[in-house]
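Chemist: Residue numbers (my numbering), protein chains in the order written: chain A, 1 to 154; chain B, 1001 to 1127.
Derived by calculation from the structure, the hints in this document are not laboratory data. All values derive from a computational prediction rather than experimental measurement. Any given hint might turn out to be false.
Unchecked claim - Below, simulated SDA-like cross-link-like pairs (lysine to any residue); rule was C-alpha separation at most 25 Å, straight line:
hint	chain 1	residue 1	chain 2	residue 2
1	A	72	B	1032
2	A	115	B	1063
3	A	72	B	1059
4	B	1094	A	123
5	B	1091	A	72
6	A	72	B	1020
7	A	115	B	1113
8	B	1091	A	120
9	B	1091	A	41
10	A	72	B	1037
11	A	115	A	134
12	A	72	B	1038
13	B	1094	B	1037
14	A	72	A	51
15	B	1091	A	51
16	A	72	B	1097
17	B	1094	A	72
18	B	1094	A	51
19	A	72	B	1069
20	B	1091	A	30
21	A	115	B	1091
22	B	1091	A	32
23	B	1097	B	1037
24	A	115	B	1094
As the list claims (entries may be wrong) - Computed far set for chain B versus chain A, every beta-carbon distance over 10 Å:
hint	residue
25	1017
26	1026
27	1041
28	1044
29	1047
30	1050
31	1054
32	1083
Just so it is clear, CB atoms sit at the ideal spot from N, CA and C, and this is done for glycine as well.
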Amino acid sequence: MAHGTAAVAKLDSPRSPYVRRKTTRGNYELYSWVFMRASGVVLIVLIFGHLFVNLMVGDGVHAIDFGFVGGKWANPLWQVWDLLMLWLAMIHGTNGVRTIINDYATRDLTRGILKGLLLLAFAVVVVLGTLVIFTFDPCPPDAPAELLASFCTA
Amino acid sequence: MPTAPAGTLYRGREGMWSWVAHRVTGVLIFFFLLVHVLDTALVRVSPEAYNAAIGTYQTPIMGLGEAGLVAAIVFHAFNGIRILLVDFWAKGPKYQKVMLWVVVGLFVVTMAGFLPRHLMNVFGGGH
């Protein structure tokens, strides 16, 4: 210290209240923990509904073709359903895999590469999926009518 | 050169194994999700391209794969509710083992409802 008087040590008063050390990394992990639980509950409803309608109703998986998808996305309810499912599932899943990478990849470089690939996969799938839901044409003009939903020819 | 940590806190039994199963099923579901969005995106290419891709899902082998996928999702969902109860219900930690067996019971009931219907769709009639 530049001043000679600094030799007197500065001590906290014995009765000074406990102050929690301020974290320097923000509350990101807390929000991610809350998000996993909140999105998990919503995803149970969305995914169980999705599986029931696509695999259990009618002929199940055999009924799925282009016309089936066209018929579903003609209804705004299923557009919103699938969009919400896409975003929540991708954020939930990406955050889960991020946690696993952090747990098992001990080298900084390995961890960085794996998380970079994860982020890339997240971005590609979410952007692609969102574009598909919003730009999908259930009745493409040059397609054979028997492959399309019934309302295309009506 | 980093080495594996010497000695761990892993204690086995219901708590650890449900945690392991939650991770394994979560990763499986995540990778399926990536593929599933890509195959569904083929509806933007052409009806023929989508039908060809989805046709490969309608074979017996993929039908069994779908059964495994649904099993993974059902376990992950029910165990996820168990995790919520452990975290937010005052008695959750006390009953975490019992709750795992409730999860297993609900899993068996749900799969008993799903599998016959799905396997009939996959192996019986249809295409």
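Chemist: Is residue 115 (chain A) close enough to residue 134 (chain A), meaning Cα to Cα at most 25 Å?
Modeler: Outside the cut-off at roughly 28 Å; violated.
Chemist: Are residue 1094 (chain B) and residue 51 (chain A) close enough, with their CA atoms no more than 25 Å apart?
Modeler: violated (33 Å)
Chemist: Does residue 1094 (chain B) lie within 25 Å of residue 115 (chain A) when you go C-alpha to C-alpha?
Modeler: Violated. Residue 115 (chain A) to residue 1094 (chain B) sits at ~36 Å, over the 25 Å cutoff.
Chemist: Just double-check residue 1050 (chain B) for me: nearest Cβ-Cβ distance to chain A has to come out over 10 Å.
Modeler: Residue 1050 (chain B) is in fact no farther than 10 Å from some Cβ atom of chain A, at 5 Å.
Chemist: Holds or violated: are the alpha carbons of residue 1091 (chain B) and residue 120 (chain A) at most 25 Å from each other?
Modeler: Roughly 41 Å between the alpha carbons, so the hint for residue 1091 (chain B) and residue 120 (chain A) is violated.
Chemist: Does residue 1094 (chain B) pair with residue 72 (chain A) here, judged by a C-alpha cut-off of 25 Å?
Modeler: At roughly 45 Å apart (the allowed maximum being 25 Å), residue 72 (chain A) and residue 1094 (chain B) break the hint.
Chemist: Would you mind confirming whether the straight-line C-alpha gap from residue 115 (chain A) to residue 1113 (chain B) stays at or under 25 Å?
Modeler: violated (38 Å)
Chemist: For the pair we were handed, residue 72 (chain A) and residue 1037 (chain B), check the Cα-Cα distance against 25 Å.
Modeler: Within the cut-off at roughly 16 Å; holds.
Chemist: Are all C-beta atoms of chain A more than 10 Å from that of residue 1044 (chain B)?
Modeler: Nearest chain A Cβ is 5 Å from residue 1044 (chain B), so the label is violated.
Chemist: Given the hinted pair residue 1091 (chain B) and residue 72 (chain A), is their alpha-carbon gap at most 25 Å?
Modeler: This hinted pair is violated, its Cα atoms lying about 43 Å apart.
Chemist: Is it the case that residue 1026 (chain B) keeps its Cβ farther than 10 Å from each residue Cβ in chain A?
Modeler: About 5 Å separates residue 1026 (chain B) from the closest Cβ of chain A, which leaves it inside 10 Å; violated.
Chemist: Given the hint that residue 1097 (chain B) pairs with residue 1037 (chain B), does the C-alpha gap stay at or below 25 Å?
Modeler: Outside the cut-off at roughly 36 Å; violated.
Hints 2, 4, 5, 6, 7, 8, 11, 13, 15, 16, 17, 18, 21, 23, 24, 26, 27, 28, 29, 30, 31, 32 from the earlier list are contradicted by this structure; the remaining hints agree with it.
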